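A.B. asks: Sequence:
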Amino acid sequence: MIDARVRSALRKSLSRAAAESGRGAGFSPLNLEEDGSIWAGTGLGFHPWFIRNPAGGFSCQQSPVFGLYLIRAALRSAFIATRAISAGDLLQGEKFHAAASAMYYTAAFHGLDGLLATRGRALVQPVRGPVRPYRHELPNGAISAGLKFDPLPGEPSVMCGALTRQGTWSFEPRRRDHLGRWRELRQLVSAKGAELPDYVVEALSYASGGYMAQKSLDALLEDGIPALARLRHQALYEGFGYDDEAFDAAINRDNPYGIRLNVRASSLRNLATGLLSEALAIADLLFEWEAENHENASMVRTRLVLSTLMPAFEFEIGKYSAELDSETVAAVQRIVDWLNLQNA
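Numbering (my numbering), first residue to last: 1 to 344.
Just so you know, these hints were derived from the structure itself, not from any lab.
All of these numbers come straight from a predicted model, not from anything done at the bench.
Even glycine gets a Cβ: it sits at the ideal position worked out from N, Cα and C.
There's no promise every hint is true.
Here are the simulated lysine to any residue pairs, SDA-like style, with alpha carbons at most 25 Å apart [said to hold, decoys possible]:
#1 Lys95 to Gly274
#2 Lys148 to Ile51
#3 Lys12 to Ala331
#4 Lys319 to Asn293
#5 Lys148 to Asn270
#6 Lys148 to Gln166
#7 Lys12 to Ala322
#8 Lys148 to Asn53
Beta-carbon label-pair distances, calculated as ranges [unchecked claim]:
#9 Ser326 to Pro126: 53 to 59 Å
#10 Phe287 to Pro126: 42 to 48 Å
#11 Ala291 to Gly141: 49 to 55 Å
#12 His233 to Glu295: 46 to 52 Å
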């Protein structure tokens, strides 16, 4: 479910992007000669860059169209999550539960972008500072043009863009690690009355030992977020053999990683598919806007194609697990068809 305030902001970003895409130097990755261009230095696709403002915070020249980055992140997360879920299903079918858990975790890790987008948030990485052009001479005498990005104070590796109550975008640096990424869940419930989806609460409860009924949401977040971040390491490195401490962990009602890996895999798959559904909701918003603005949508579509596929995927999009429900497959395939990725 997309918050109404977020829905409005994303639609405004799309409409502004459509209006701006026909101006200036088009898809030139430099486009710096056009004073004040929103697209200056964002590349062929769309990657925003930041400056340190006089107040000590961070600003982004692409703020009027920043919602486009949320949509781009959601589309990418849908493709990656679908592929990782499909890989996990293949492994689960052969009872490689630890390996399946790792793939489902990967799907959830990327699928988180979909949930963040529905709440008006996006994690931008790498973080680029102020952009400037540079030119150098090649051995053959030709002049090559490119971009350079100056470092930002503190050299943040991740920047979180969040929609404020006033409908503007604020930007704060974040840590680049699994724990920091899952900590965004806490930010989602910082507003009064905000809740987490049931599938997220269930995953946090499982990761922290299954005490959901006895814990407040705050306590569940405190215990569950670090535990959820640890599941990746456990699935990849510690879940393939007999665990000498599994008996003690089971007695203490901790979450042993050497036993009942099929349950772990199922829990992570449920989390991944839930997050995937959020990304698909963002895609639906895009289609809704496109249907109403068909004549002005072509440049936005091209920019989304480029930014969704850069860097290029190493796998073929459009192959799905037989375990995925038909509605999900149809929704993902609709994105593939809309972006014309199979011919991109």
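A.B. asks: Taking the hints in turn, state whether each one holds.
C.D. replies: Verification of the supplied hints:
no.: 1; hint: Lys95 to Gly274; verdict: holds (23 Å)
no.: 2; hint: Lys148 to Ile51; verdict: holds (14 Å)
no.: 3; hint: Lys12 to Ala331; verdict: holds (24 Å)
no.: 4; hint: Lys319 to Asn293; verdict: violated (30 Å)
no.: 5; hint: Lys148 to Asn270; verdict: violated (42 Å)
no.: 6; hint: Lys148 to Gln166; verdict: violated (33 Å)
no.: 7; hint: Lys12 to Ala322; verdict: violated (38 Å)
no.: 8; hint: Lys148 to Asn53; verdict: holds (19 Å)
no.: 9; hint: Ser326 to Pro126: 53 to 59 Å; verdict: violated (37 Å)
no.: 10; hint: Phe287 to Pro126: 42 to 48 Å; verdict: violated (30 Å)
no.: 11; hint: Ala291 to Gly141: 49 to 55 Å; verdict: holds (51 Å)
no.: 12; hint: His233 to Glu295: 46 to 52 Å; verdict: holds (50 Å)
When each numbered hint is compared with the structure, violations occur for hints 4, 5, 6, 7, 9, 10.
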